[in-house]
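Student: Take any residue in the sequence shown, note its place counting from 1, add 2, and you have its number in our numbering.
Hints are not guaranteed to be accurate.
[As the list claims (entries may be wrong)] Pairs of lysine-lysine, PhoX-like flavour, derived with a Cα cap of 20 Å:
id, residue 1, residue 2
1, Lys80, Lys362
2, Lys66, Lys89
3, Lys66, Lys46
4, Lys45, Lys110
5, Lys80, Lys45
6, Lys96, Lys45
7, Lys443, Lys464
8, Lys281, Lys362
9, Lys186, Lys225
10, Lys122, Lys66
11, Lys122, Lys46
12, Lys327, Lys362
13, Lys186, Lys80
14, Lys390, Lys464
15, Lys362, Lys390
16, Lys45, Lys225
17, Lys407, Lys252
18, Lys77, Lys110
19, Lys122, Lys327
20, Lys327, Lys96
21, Lys362, Lys96
22, Lys96, Lys66
23, Lys96, Lys110
24, Lys96, Lys46
25, Lys327, Lys46
26, Lys80, Lys46
By construction, these hints were calculated from the structure, which means they are not laboratory data.
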Amino acid sequence: MKKLFILLLVTGVVVLLPFHGVQTTEQKNVSRFAADHFIVKMKKSVDVLAASNPGMSLYEQRIKNLLGSLNVEVKSTKLLFPRDNRKNFMLYSKYELETYHVIYFEGKQDIPSLTEQISKNNEVDFSEPDFIGESAGVKGSNLNISSAPNDQFFNRQWGLSNDGSQKTSTGRTGRRNADMNILKAWEITTGSEEIVVGILDSGTKIDHPDLSGRIWVNTEEVKNGRDDDGNGFVDDINGYNFAYDNSNVKDDGGHGTNIAGTVGASTNNSLGYAGIDQKCRLMVCKNLDDENLGEYSWWAASLYYAANNGARIINMSEGGYDYSKTLENAINFAYEAGSLIVASMMNKNNGDTYYPASFKNVLAVGATDTDDNRCREFTWGGGSNWGKHIAVVAPGNRVYGLDFKDNYNYEVYWSGTSQATAYVSGFASVLLAQDPSRTNKDLREIITSTAQDQVGDPREDKSGWDEYYGYGRVDLYEALNYGKFSSGKKEVREKVKEEEKYEDPVYKDEEPPVRIDDNSDSNSTRAKANDPQDSYRKNRDDNSENKRAKKPKADER
Numbered sequence: 003m004k005k006l007f008i009l010l011l012v013t014g015v016v017v018l019l020p021f022h023g024v025q026t027t028e029q030k031n032v033s034r035f036a037a038d039h040f041i042v043k044m045k046k047s048v049d050v051l052a053a054s055n056p057g058m059s060l061y062e063q064r065i066k067n068l069l070g071s072l073n074v075e076v077k078s079t080k081l082l083f084p085r086d087n088r089k090n091f092m093l094y095s096k097y098e099l100e101t102y103h104v105i106y107f108e109g110k111q112d113i114p115s116l117t118e119q120i121s122k123n124n125e126v127d128f129s130e131p132d133f134i135g136e137s138a139g140v141k142g143s144n145l146n147i148s149s150a151p152n153d154q155f156f157n158r159q160w161g162l163s164n165d166g167s168q169k170t171s172t173g174r175t176g177r178r179n180a181d182m183n184i185l186k187a188w189e190i191t192t193g194s195e196e197i198v199v200g201i202l203d204s205g206t207k208i209d210h211p212d213l214s215g216r217i218w219v220n221t222e223e224v225k226n227g228r229d230d231d232g233n234g235f236v237d238d239i240n241g242y243n244f245a246y247d248n249s250n251v252k253d254d255g256g257h258g259t260n261i262a263g264t265v266g267a268s269t270n271n272s273l274g275y276a277g278i279d280q281k282c283r284l285m286v287c288k289n290l291d292d293e294n295l296g297e298y299s300w301w302a303a304s305l306y307y308a309a310n311n312g313a314r315i316i317n318m319s320e321g322g323y324d325y326s327k328t329l330e331n332a333i334n335f336a337y338e339a340g341s342l343i344v345a346s347m348m349n350k351n352n353g354d355t356y357y358p359a360s361f362k363n364v365l366a367v368g369a370t371d372t373d374d375n376r377c378r379e380f381t382w383g384g385g386s387n388w389g390k391h392i393a394v395v396a397p398g399n400r401v402y403g404l405d406f407k408d409n410y411n412y413e414v415y416w417s418g419t420s421q422a423t424a425y426v427s428g429f430a431s432v433l434l435a436q437d438p439s440r441t442n443k444d445l446r447e448i449i450t451s452t453a454q455d456q457v458g459d460p461r462e463d464k465s466g467w468d469e470y471y472g473y474g475r476v477d478l479y480e481a482l483n484y485g486k487f488s489s490g491k492k493e494v495r496e497k498v499k500e501e502e503k504y505e506d507p508v509y510k511d512e513e514p515p516v517r518i519d520d521n522s523d524s525n526s527t528r529a530k531a532n533d534p535q536d537s538y539r540k541n542r543d544d545n546s547e548n549k550r551a552k553k554p555k556a557d558e559r
């Protein structure tokens with residue numbers, strides 16, 4: 003991990019030089035999974051259903067018997083989705099969530115081979131590694147503190163109001179009004195305290211003065227070591243920590259605090275920065291560890307929790323390279339429960355598939371720079387991914403925000419599709435505040451239909467949907483005026499049909515992505531990564547020809 007990080011730093015030093023003709027580089031991919039456990043989904047059993055609620059123990063016993071026959075010593079097992087006694091009973095049964103278990107074992111195992119072998123058993127639906135993804139943003143810091151305003155920082159938030167003064171990472175001049183049209187939108191509505199946004203990330207600094215009044219509170223739970231509300235989680239006052247399986251949602255990676263503030267920092271309080279939604283409540287679901295890495299089981303469980311506990315919007319500024327049935331089913335559960343899931347396209351500057359962004363029931367978001375062009379180089383390197391599943395783009399480079407260690411440090415910014423995703427999540431929560439009866443399908447329709455088309459690089463930003471900008475850069479004022487005439491713009495621009503959308507991008511045959519050995523000597527005990535053989539990657543969008551989206555030419559202006 004450290005070798006990879008050093009490589010990215012070196013690359014970042016090169017690309018941050020402000021000269022034209024910069025050559026953008028494609029970031030390589032890593033397939034990673036937890037080394038001490040894996041996931042098993044058992045087939046639903048009639049015997050279990052007929053028993054007097056002993057389901058968990060019977061499934062566990064069958065798993066232990068199976069692994070015993072394979073000479074695997076089970077250390078412990080955990081039900082991935084604890085039953086919530088209050089809601090979504092039909093969905094819980096539909097997706098057979100009581101049959102998902104995380105299995106911890108003693109010693110070392112060849113996990114890809116073991117899970118493949120387990121999947122062949124007649125009592126098992128499937129087994130898979132607990133893949134590891136990462137946050138979709140990288141931290142930076144403003145070193146020129148003397149140029150910062152004394153007590154006003156809103157002018158740094160170019161994504162909300164862009165005066166064109168901030169250059170792109172590659173040195174191009176910023177473009178005035180290359181933003182989300184927030185100031186005009188706030189004249190219509192600024193949000194509602196009734197809307198809950200799930201922040202699935204590294205945690206949040208809940209005592210920060212710019213956030214403390216905005217954190218969701220589970221009023222049915224008391225901190226007493228018991229599950230008072232019967233939702234399957236103990237002492238979940240402000241959310242839950244899925245990375246370390248406790249109720250402490252403190253941010254130890256920094257990424258989550260920036261995301262939470264981008265969505266919903268308090269506004270008009272003479273402090274720090276403005277959240278795009280000025281009133282929503284932030285539910286903290288910590289599913290990344292102190293290195294901003296997360297196991298898919300954490301992501302799946304946090305989706306289940308957020309949807310069951312009232313998060314109408316779920317922000318996932320994270321992604322992994324490997325397909326997982328477990329994660330996809332958790333996405334589908336949350337979507338059918340009524341949540342809009344917003345996720346990052348990721349930052350490798352290529353057309354590869356990442357999850358959860360590429361799942362059908364997810365709104366996938368790419369990032370733009372200060373000139374409205376796709377961000378080909380973030381402040382640290384990389385670039386916004388593209389692909390056939392992208393929905394929209396939003397500002398995502400040099401997004402200033404709150405610090406997870408110091409309440410009075412406002413010199414920190416992050417860059418990536420993570421930040422663009424957070425903007426769109428806040429955007430969606432404002433739309434819900436305007437009309438709480440809107441469904442997740444309604445929100446997707448409004449966001450994509452009112453996005454500004456052909457505002458970016460004409461070599462990529464084509465009329466209608468395209469694989470680089472999706473339907474365009476989001477515009478909150480236009481979205482709040484959906485169905486009306488605003489800014490001289492037509493009611494709803496003509497949309498590209500879904501079946502046509504996938505025919506537009508040009509693809510070419512290339513070699514499969516190169517794996518990077520992750521010889522991490524990090525001290526993280528929760529997300530140690532292994533690199534399986536390249537042939538093991540279970541990516542549902544791969545085919546025998548290994549097709550990938552064509553890389554655009556470097557910007558030569």
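Student: Against each hint, give a clear statement of whether it holds in the structure.
Tutor: Verification of the hints:
{"no.": "1", "hint": "Lys80 <-> Lys362", "verdict": "violated (28 Å)"}
{"no.": "2", "hint": "Lys66 <-> Lys89", "verdict": "violated (30 Å)"}
{"no.": "3", "hint": "Lys66 <-> Lys46", "verdict": "holds (16 Å)"}
{"no.": "4", "hint": "Lys45 <-> Lys110", "verdict": "violated (26 Å)"}
{"no.": "5", "hint": "Lys80 <-> Lys45", "verdict": "holds (17 Å)"}
{"no.": "6", "hint": "Lys96 <-> Lys45", "verdict": "holds (13 Å)"}
{"no.": "7", "hint": "Lys443 <-> Lys464", "verdict": "violated (25 Å)"}
{"no.": "8", "hint": "Lys281 <-> Lys362", "verdict": "violated (30 Å)"}
{"no.": "9", "hint": "Lys186 <-> Lys225", "verdict": "violated (42 Å)"}
{"no.": "10", "hint": "Lys122 <-> Lys66", "verdict": "holds (16 Å)"}
{"no.": "11", "hint": "Lys122 <-> Lys46", "verdict": "holds (16 Å)"}
{"no.": "12", "hint": "Lys327 <-> Lys362", "verdict": "holds (13 Å)"}
{"no.": "13", "hint": "Lys186 <-> Lys80", "verdict": "violated (49 Å)"}
{"no.": "14", "hint": "Lys390 <-> Lys464", "verdict": "holds (14 Å)"}
{"no.": "15", "hint": "Lys362 <-> Lys390", "verdict": "holds (11 Å)"}
{"no.": "16", "hint": "Lys45 <-> Lys225", "verdict": "violated (36 Å)"}
{"no.": "17", "hint": "Lys407 <-> Lys252", "verdict": "holds (10 Å)"}
{"no.": "18", "hint": "Lys77 <-> Lys110", "verdict": "holds (12 Å)"}
{"no.": "19", "hint": "Lys122 <-> Lys327", "verdict": "holds (16 Å)"}
{"no.": "20", "hint": "Lys327 <-> Lys96", "verdict": "holds (15 Å)"}
{"no.": "21", "hint": "Lys362 <-> Lys96", "verdict": "holds (18 Å)"}
{"no.": "22", "hint": "Lys96 <-> Lys66", "verdict": "violated (25 Å)"}
{"no.": "23", "hint": "Lys96 <-> Lys110", "verdict": "violated (35 Å)"}
{"no.": "24", "hint": "Lys96 <-> Lys46", "verdict": "holds (11 Å)"}
{"no.": "25", "hint": "Lys327 <-> Lys46", "verdict": "holds (16 Å)"}
{"no.": "26", "hint": "Lys80 <-> Lys46", "verdict": "holds (17 Å)"}
In this structure, the earlier hints numbered 1, 2, 4, 7, 8, 9, 13, 16, 22 and 23 are contradicted, and the remaining ones agree with it.
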